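2 protein chains.
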Amino acid sequence: MTTYRHFYVKSRAKTSPDINLKDLPGSAGRLDIVARCINAAFWLSYGIRKNVVFHTILHGEPNAPIYIRLEGEKLRKVSPDERSIAIFIGKALKKFDSSKEIESTPGIFVARKSFEELLEENRDKNFYLLDENGEDISNVEIKTPFFLLGDNVDMPPEEKKLALDYGAKLVSLDKKSYLSSHCIAILNWWIDKNEQENSIS
Amino acid sequence: MTTYRHFYVKSRAKTSPDINLKDLPGSAGRLDIVARCINAAFWLSYGIRKNVVFHTILHGEPNAPIYIRLEGEKLRKVSPDERSIAIFIGKALKKFDSSKEIESTPGIFVARKSFEELLEENRDKNFYLLDENGEDISNVEIKTPFFLLGDNVDMPPEEKKLALDYGAKLVSLDKKSYLSSHCIAILNWWIDKNEQENSIS
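Residue numbers (the working numbering), protein chains in the order written: chain A, 1 to 201; chain B, 1 to 201.
Careful: at least some of the hints might be erroneous.
Any copy will do: because identical chains look the same in the list, a pair fits if it lies in one copy or spans two.
[Claimed, not checked] Below 25 Å or equal to it, Euclidean Cα-Cα: the simulated DSS-like pairs (lysine-lysine) are:
no. : residue 1 : residue 2
1   : K176      : K77
2   : K22       : K94
3   : K175      : K193
4   : K125      : K169
5   : K175      : K50
6   : K176      : K50
Everything labelled a hint here was simulated from the structure, so no lab data went into it. Owing to the predicted nature of the structure, the values given are computational and were not obtained by experimental measurement.
One chain only, chain A, in its complex shape (with noise of 0.2 Å):
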């Protein structure tokens, strides 16, 4: 049996389906951010995990809040590349319809949704934010989580007691600040771990 895993990252992408392909990390808004943190949630050697869902908001002008998520179940056709998760980003802001949440290409999802919705809606779930200062992650028990995550900023005060409010845990990888990618790569990797140690035990 594999853990569920849930991902949210914050991002401050434009949400203009304009996407400038050869600038993501300046006028796309650090969607490349965004594009990485989708390859490090799902990508394996021979696949993509089924096991995972990954949810964003982008905040960016001129259209936001646009929230974004993807279900392994269903994905398909994506590379792992930056530019080709960033294509299948633009082609979900060019369905975008602010009434009704749209399937724009299979498994990735666009709809208007805020954070407080995000949150309300997996409230069923555990949710635990990445935080330098929160409590190691070897001594968390990690179960049906909800991970929530900044971009290259850190989540606005405000954010963070909201999610505070919704009982997130605040849990720390370690005292370095890493790339929220890699922070999911981890996550994804020390779940296996564990997973395997106690079918093992």
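Based on the hints, put chain B in the right spot on chain A.
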């Protein structure tokens, strides 16, 4: 004190300086993999890891093998996205001179070198060859490490044998097969974590 870390990733990427930045996974011969490995090796939220050296040998057409080394202490100007890293690899390939090693941009070096020569030059370090069937990393003491990884294809048997002749130890992160870039992110964290625990105890 932080451990110096060397990572080598074998690559099948093309050795022509005319890199198609719109098609790193295709016509560039999976140069996207090398770019992501470099991202995983060096970047922290607030800068570059000074204690990392990254090595690759590109084995693709038309001018293989070309050896490229990035040194964290000297690395400048490169951004963490795939496109930026690929551009700097292109610059290295442009300045390549088969007769001597060139520093193509700050911290990036390019030369003619075989895998065997690389092993020979670094025999003062300990080689660890990533392999699903190796010893579990939790049980291995990591000292003066030089990690050896394949790209999307396992290292060929003759190179594995060569590495073993140079004393390489087979180590495993898990029975699952992870992307090389994810392995590097995990290894960096694992070493950080163990250093921190040792400094506390």
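Here's how the hints hold up against the structure:
1. K176 / K77: Close across copies (22 Å), not inside one copy (35 Å); limit 25 Å.
2. K22 / K94: Result: close both inside a copy and across copies, 18 Å intra and 21 Å inter.
3. K175 / K193: The answer is both: 21 Å in one copy and 9 Å across copies each meet 25 Å.
4. K125 / K169: within (12 Å within a copy, 41 Å between copies)
5. K175 / K50: between (31 Å within a copy, 17 Å between copies)
6. K176 / K50: between (30 Å within a copy, 14 Å between copies)
The earlier numbered hints are all upheld by this structure, with none contradicted.
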